[in-house]
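Number of protein chains: 2
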Amino acid sequence: MDKVFDIEIKKLRDNIDHIDRQILDLISQRLTQVQDVVALKKAHNIPVYHPAREEDLISKLRSQATASGIDADFMEEMYRVILRNSRMEQTVEMKQQGIKAGATVLIVGGEGQMGRFFSDLFRASGYIVRTLSEKNWNDVASLCKDADLVLLSVPIHVTLETIQRIAPHISPTTILADLTSIKTAPVDAMLKYFTGPVIGLHPLFGPSCATLDKQIIAVTPGRDNGKCRWLVEQLSLWGAIMVNAEPEEHDDIMDIVQALRHFATFCFGQFLCRKKVNLARSLEFSSPIYRLELGMVGRLFAQDSSLYSEIIFATPSRRKLLKQYVAAMNEQIELVESNDKTLFMERFSEVTQWFGDFGNQAMRESDFIINKLIERF
Amino acid sequence: MDKVFDIEIKKLRDNIDHIDRQILDLISQRLTQVQDVVALKKAHNIPVYHPAREEDLISKLRSQATASGIDADFMEEMYRVILRNSRMEQTVEMKQQGIKAGATVLIVGGEGQMGRFFSDLFRASGYIVRTLSEKNWNDVASLCKDADLVLLSVPIHVTLETIQRIAPHISPTTILADLTSIKTAPVDAMLKYFTGPVIGLHPLFGPSCATLDKQIIAVTPGRDNGKCRWLVEQLSLWGAIMVNAEPEEHDDIMDIVQALRHFATFCFGQFLCRKKVNLARSLEFSSPIYRLELGMVGRLFAQDSSLYSEIIFATPSRRKLLKQYVAAMNEQIELVESNDKTLFMERFSEVTQWFGDFGNQAMRESDFIINKLIERF
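Keeping their order, the protein sequence lines are chains A and B. Residue numbers for the first sequence follow numbering that gives the first Met the number 0, beginning at 0 and rising by one. Residue numbers for the second sequence follow numbering that gives the first Met the number 0, beginning at 0 and rising by one.
Think of the hints as simulated: they come from the structure by calculation, not from any bench. Honestly, I wouldn't trust all of these hints.
Unchecked claim - Calculated lysine to any residue pairs in the SDA-like style (CA-CA distance at most 25 Å, straight line): (1) B:Lys10 with A:Arg61; (2) B:Lys322 with A:Asn277; (3) B:Lys59 with A:Phe73; (4) A:Lys10 with B:Lys9; (5) B:Lys9 with A:Gln63; (6) B:Lys59 with A:Glu7.
Said to hold, decoys possible - Simulated coverage check for chain A against chain B, where a stretch passes if three residues somewhere in it have a Cβ under 8 Å from a Cβ of chain B: (7) 264 to 272; (8) 311 to 319; (9) 351 to 357.
As the list claims (entries may be wrong) - Example chain B residues on the side facing chain A (calculated, C-beta under 8 Å, incomplete): (10) Ile22; (11) Leu30; (12) Ile69; (13) Phe116; (14) Gly297.
Using N, Cα and C, we set each Cβ at its ideal position, and we do this for glycine too.
Using the sequences plus the hints, can you model the full thing?
So, in structure tokens, the structure goes:
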């Protein structure tokens with residue numbers, strides 16, 4: 000490299016640094032304006048997240064970008080990052096707002112991770128939060144007294160007995176709700192042993208989330224929906240997306256979405272371990288897809304084994320499904336043994352047809368994710 | 000909502016729109032400066048991607064962000080998007096630059112997707128590109144004549160016979176290279192039937208990529224590395240990351256990274272299809288992780304079945320590995336049948352220990368991806 004090059008590149012880089020400095024100042028100004036919007040909305044009691052406004056803004060920016068010779072997808076991507084950041088800030092602000100602030104919430108299993116997650120949320124929004132565990136079970140009667148909500152956050156295998164034990168202490172004006180990842184048996188038990196309002200909830204996320212923003216909670220109605228409404232609205236206000244289902248439908252879906260998926264991942268990890276695969280070296284040769292898939296496997300094993308055993312072994316119908324799955328794999332291996340590529344391709348295209356449009360959607364979504372991975376790592 | 004609110008919110012939103020307009024202008028200015036940097040680098044023949052400069056810039060921006068009360072992670076994320084966009088633009092520019100522009104490249108199977116992908120790249124960088132397929136096989140002698148590189152881009156199952164057929168027509172001063180996803184047998188055959196420089200390549204990505212930017216290509220040396228160097232440098236200059244391995248090591252890794260992973264995904268998709276799972280409904284209840292995992296499955300079935308059958312059935316050692324895998328699953332199902340949670344947890348923690356630090360790394364990486372998914376969808 001020569002002197003002229005050094006001088007010229009320095010000049011250009013200084014220009015870029017100067018531009019970046021101005022962008023940063025503008026981002027800072029933007030955050031201030033967004034905070035003013037939040038304050039105004041709070042004063043008028045208006046929900047903070049406004050999807051339509053976001054999409055309008057994105058559309059406008061896309062056409063402005065195109066007009067200025069900037070790639071519209073790039074501009075959209077950049078603004079999704081900016082908007083998400085302001086939404087997070089707003090959600091942190093809005094967390095404070097309680098639909099029924101001052102009400103009393105008793106969290107059973109409140110010392111577990113999920114229990115603490117919800118304790119913190121309720122407390123931050125002005126609720127009075129009590130917790131119950133084996134340690135203070137002697138006080139169950141006084142802790143249940145005048146509670147507006149009793150929320151069960153206990154492991155699956157003790158859910159039913161906990162419902163039976165606590166129900167007699169709860170007033171029929173209190174809401175009884177649970178957070179178990181299966182819903183048929185818990186909702187049945189709550190309806191059987193308790194006479195007041197009942198609602199089943201299943202948060203589809205772990206307690207390590209920062210906020211409820213866009214997280215999914217399945218809602219299975221039990222009894223007296225009207226009286227449970229404030230709880231559903233509170234969870235929505237915290238940012239959660241509430242999805243309704245009958246308990247049976249919920250459980251059928253979770254047999255696949257949770258039990259089967261986790262079991263398949265468990266088996267894959269076990270096999271890698273048994274074969275002593277050199278992970279670090281295999282990652283050097285990895286397409287982003289494999290890195291991501293291996294990451295999903297690693298993720299499972301970085302978490303609590305008892306949580307996964309609870310999910311996988313939860314019900315006899317689940318265990319039956321897993322057996323069917325392995326039986327189906329045995330059929331596929333016959334195909335490999337006979338080295339029958341034609342049959343493989345036939346079975347493949349059967350599944351392709353069955354997936355239908357989802358296949359293309361999956362390609363688009365995973366392309367997006369792959370680009371994110373390439374960008375980052 | 001009242002009038003005062005309407006007026007005030009409009010004012011704040013106008014402010015935000017005005018700020019966004021300025022950000023857009025600055026981004027446009029920034030792109031112009033970056034184009035000047037590219038032009039300058041081209042004039043001085045300097046590689047375009049400068050990782051150290053990027054990391055410096057990110058560090059500086061992070062501390063400036065913190066000083067201005069802006070979340071540093073957010074600022075980093077936003078700039079990763081901006082930098083990736085400029086890198087893409089730069090790579091598009093630099094594509095033009097040929098290490099050995101004017102040289103002749105013969106692509107065998109040049110009408111396949113991967114063949115066309117590489118044809119376009121070589122052509123854009125000033126190479127003379129010829130293609131050979133069954134249609135013009137009669138011209139094989141004249142097409143091979145004076146070629147600097149013969150690059151095989153044919154399906155796995157015809158690779159060996161293609162090597163045997165073409166080798167006698169290639170001059171020993173030409174490089175012979177292949178793009179097959181297995182390496183031992185093709186490299187052996189190239190060394191056996193050809194006496195000139197040999198290099199095995201395996202691009203770890205599909206032909207649907209926009210550029211080679213940060214894509215991985217495995218390199219297995221064959222003969223006369225020095226003479227093959229310009230090819231490796233050309234691929235690097237296009238943005239690819241070149242990873243070296245012996246052919247046998249490469250194939251062992253790909254047994255896992257490709258064959259086993261794809262087979263497991265194939266079986267999962269087959270089972271979903273057989274059970275007629277309601278995909279759309281299950282996605283409504285999905286955590287981002289499941290959406291992503293299902294997306295990976297859908298992605299596989301949206302692609303070419305013959306490509307996957309080629310990969311899965313490629314070698315006897317692969318088929319043996321898949322049998323071992325299903326045998327291991329049969330052992331795991333015994334555990335489910337006996338409903339033995341304790342043993343499950345024991346096996347689980349064995350794998351956790353074996354994964355070691357990778358588990359935490361996987362959590363961090365997949366958390367990042369999950370946030371990206373939540374942001375987008």
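Given pair status - Phe73 of chain A, Lys59 of chain B, alpha carbons within 25 Å: The given pair, whose Cα atoms are some 23 Å apart, holds under the 25 Å limit.
Within 8 Å of chain B's CB atoms, at least three CB atoms from the segment 351 to 357 of chain A: coverage verdict: This one holds; 4 residues, not fewer than the three required, reach chain B with a Cβ under 8 Å.
Per-stretch coverage check for the segment 311 to 319 of chain A, three Cβ contacts closer than 8 Å to chain B: With 3 residues closer than 8 Å to chain B, the segment 311 to 319 of chain A meets the three-residue bar; holds.
Given hint Ile22 of chain B near chain A, where the shortest CB pair must fall under 8 Å: holds, 5 Å
Pairwise hint evaluation, Glu7 of chain A against Lys59 of chain B, where the allowed Cα distance is 25 Å at most: Judged against 25 Å, a Cα distance of about 21 Å means the pair holds.
Closest C-beta approach of Phe116 of chain B to chain A relative to 8 Å, hint status: violated, 15 Å
Evaluation of the interface hint that places Ile69 of chain B against chain A, nearest CB under 8 Å: Since the shortest Cβ distance to chain A is 6 Å, the answer is holds.
Hint consistency between Lys10 of chain A and Lys9 of chain B [alpha-carbon to alpha-carbon, up to 25 Å]: violated, 41 Å
Agreement of Lys10 of chain B and Arg61 of chain A with the hint, judged by alpha carbon distance not exceeding 25 Å: holds, 22 Å
Proposed proximity, Asn277 of chain A with Lys322 of chain B (alpha carbon, max 25 Å): holds, 20 Å
Leu30 of chain B as chain A interface residue, shortest Cβ-Cβ below 8 Å: holds, 7 Å
Restraint check for Lys9 of chain B with Gln63 of chain A, where alpha carbons must lie at most 25 Å apart: Answer holds: Lys9 of chain B to Gln63 of chain A is near 20 Å, not above 25 Å.
Hint violations for this structure: numbers 4, 13, all remaining hints satisfied.
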